[in-house]
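**Q** Sequence:
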Amino acid sequence: MLKDRDDFEYLILDGDQLREHPCREPLLKLVNKAFYEGGQAIYSGSLSRFGSLEELFSTVGDHGRCCILFRRTPGQTTNDWTDPVATTMLRPFREAIVGLPDIKPEPVDASGDMLTDVHDDVKSEYCEQPARFKGNTQDISSITVWEPVSVAVKHDPSLLHKGLASRCLALLEADLCARVNEAKLATRRQEAAGADHTRCEAGPLTMRLRATWEITGEYWSRRGFTPVEVRRVPAGVWGAKVPFRLMTMTKMIHCSSDRNDA
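Counting from 1 along the sequence shown, just add 1 to a position and that's the residue number in this note's numbering.
Hint data in this document are derived by calculation from the structure and do not stem from the laboratory. Not one of these hints is a red herring.
Straight-line Cα separation of at most 30 Å, DSSO-like style, residue types lysine-lysine; simulated pairs: (1) Lys105 x Lys252; (2) Lys242 x Lys34; (3) Lys163 x Lys252; (4) Lys252 x Lys34; (5) Lys30 x Lys155; (6) Lys242 x Lys155; (7) Lys242 x Lys30; (8) Lys155 x Lys252; (9) Lys34 x Lys163; (10) Lys242 x Lys105; (11) Lys163 x Lys30; (12) Lys34 x Lys155; (13) Lys30 x Lys252.
Given the sequences, and given the hints that come with them, work out the whole structure.
**A** Set out below in structure tokens:
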């Protein structure tokens, strides 16, 4: 059973599974409502995070996963879980930002303050799709930068200060590590059988998160994310009433596995 601690249970679904689950419509409403209610100081509420279910599904993509928390209700099956209280998605990092003008990011220090006299013209390349296949299976261990998106918690006093957003992300990170370790193990098995594969490089994964600094920057800073760059976004973008800072923040995670590293 997919159980979390306290009074919650959770599901982790890929895009295809999310399309079929009866919570998909309530999930769309949760994310859109949280996007407005959580950002009233910045956003006017004239825009929704997602305009349709298809936009929601495409956000998960081919290799992403969506974690959804529900209140624990005895006797229910997973298909009865239709009232989500929190969610986060984790997908391969996408450099493009939908609906954002071409605003050059500026480097910042760990506190989010601007850095001066920094010149970095080297453009990073991010892999959204696995670089190789193993038979019919795509090897996600070649994707090293991942992105938490569509973080939402139901606006309910009983859910305050429970860390539900970061709990969803922690569950997704554990799920991702399990998938990456399985991919590495599959490579080693095929190498042992004589298959010609590029060896998986061991190393940490990067969580690269983008957040409205004035709203959730402090929350994610307390949870191990460090600011690395900022875009200064003018009023009007995404229905913003005032200018705001879109901060890119990163955190490293290590996917250790006794069976892989032995």
